[in-house]
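A.B. asks: Here is what each chain is made of, one letter per residue.
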Amino acid sequence: AQSVSQHNHHVILSEAASLELGCNYSYGGTVNLFWYVQYPGQHLQLLLKYFSGDPLVKGIKGFEAEFIKSKFSFNLRKPSVQWSDTAEYFCAVIPQTGANNLFFGTGTRLTVIP
Amino acid sequence: DTEVTQTPKHLVMGMTNKKSLKCEQHMGHRAMYWYKQKAKKPPELMFVYSYEKLSINESVPSRFSPECPNSSLLNLHLHALQPEDSALYLCASSQVLAGGHEQFFGPGTRLTVL
Chain L
1 AQSVSQHNHH VILSEAASLE LGCNYSYGGT VNLFWYVQYP GQHLQLLLKY FSGDPLVKGI
61 KGFEAEFIKS KFSFNLRKPS VQWSDTAEYF CAVIPQTGAN NLFFGTGTRL TVIP
Chain E
1 DTEVTQTPKH LVMGMTNKKS LKCEQHMGHR AMYWYKQKAK KPPELMFVYS YEKLSINESV
61 PSRFSPECPN SSLLNLHLHA LQPEDSALYL CASSQVLAGG HEQFFGPGTR LTVL
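Here the protein sequences come in this chain order: L and E.
Using our numbering, the final residue of the first sequence is 114, and nothing's skipped along the way.
Using our numbering, the final residue of the second sequence is 114, and nothing's skipped along the way.
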């Protein structure tokens with residue numbers, strides 16, 4: 001069965017620290033990959049997505065993610081976090097064939113300390 | 001127009017009330033989705049409509065009744081809800097139901113059941 005794992009449940013960083021959030025998926029076929037962010041009390045926003053091509057994708061607000069097919073991973077990175085990055089981050093995948101089911105990871109809560 | 005809109009933003013209802021949530025998109029998308037999201041959890045899929053027909057019902061209780069009156073609108077009728085149904089209800093749309101298409105999310109309706 002398809003699944004998405006985010007092993008970091010809660011990450012606490014100081015401002016200017018570097019961030020890497022892990023995301024691994026389990027699926028036998030080709031997938032499209034997404035990172036969503038949800039700021040406190042707000043709705044889901046798309047940070048970045050990977051469909052094909054360069055496995056290093058850049059998103060909004062200085063975030064980037066790298067798709068490593070051999071590791072079934074799509075880790076999110078940011079070189080220097082800000083207090084305003086405090087939010088819940090969700091990794092998600094959609095298989096490229098079959099129904100357009102969006103599988104979410106359980107989310108990682110990021111707290112950035114000023 | 002790349003937006004999914006939802007009304008109302010907030011809704012408070014009693015357990016005997018009947019209310020409806022509305023979702024609208026004008027991107028020409030033919031697949032629309034309802035998700036339920038509890039605090040600090042990923043969205044859970046409830047219903048999927050494809051070309052105005054119900055395609056997926058993820059074993060949702062009958063007190064939730066979806067309706068797709070046309071290709072741009074999606075409603076969720078609520079009746080006799082329980083306090084545990086309090087959550088953020090998200091609507092999303094994608095070009096079609098076939099795999100790989102990005103889902104665009106609305107801002108959600110925050111529902112409180114008293």
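Calculated from the structure, these hints are not laboratory results.
A couple of the hints might just be wrong.
Think about it this way: if two alpha-carbon atoms lie no more than 20 Å apart in a straight line, the pair counts; the simulated SDA-like pairs of lysine to any residue are [claimed, not checked]:
1. E:K41 / L:V57
2. E:K41 / L:H7
3. E:K22 / E:K40
4. L:K49 / E:K22
5. E:K38 / L:L46
Note that the coordinates shown come from a computational prediction; the quantities given were computed from them, not determined experimentally.
A.B. asks: If a hint holds in the structure, say so; if it doesn't, say that too.
C.D. replies: Hints and how they fare:
1. E:K41 / L:V57: At roughly 25 Å apart (the allowed maximum being 20 Å), V57 of chain L and K41 of chain E break the hint.
2. E:K41 / L:H7: The given pair, whose Cα atoms are some 14 Å apart, holds under the 20 Å limit.
3. E:K22 / E:K40: violated, 24 Å
4. L:K49 / E:K22: Not satisfied, since the Cα-Cα distance of roughly 27 Å exceeds 20 Å.
5. E:K38 / L:L46: Roughly 19 Å between the alpha carbons, so the hint for K38 of chain E and L46 of chain L holds.
The structure does not agree with the numbered hints 1, 3, 4 stated previously, though it agrees with the rest.
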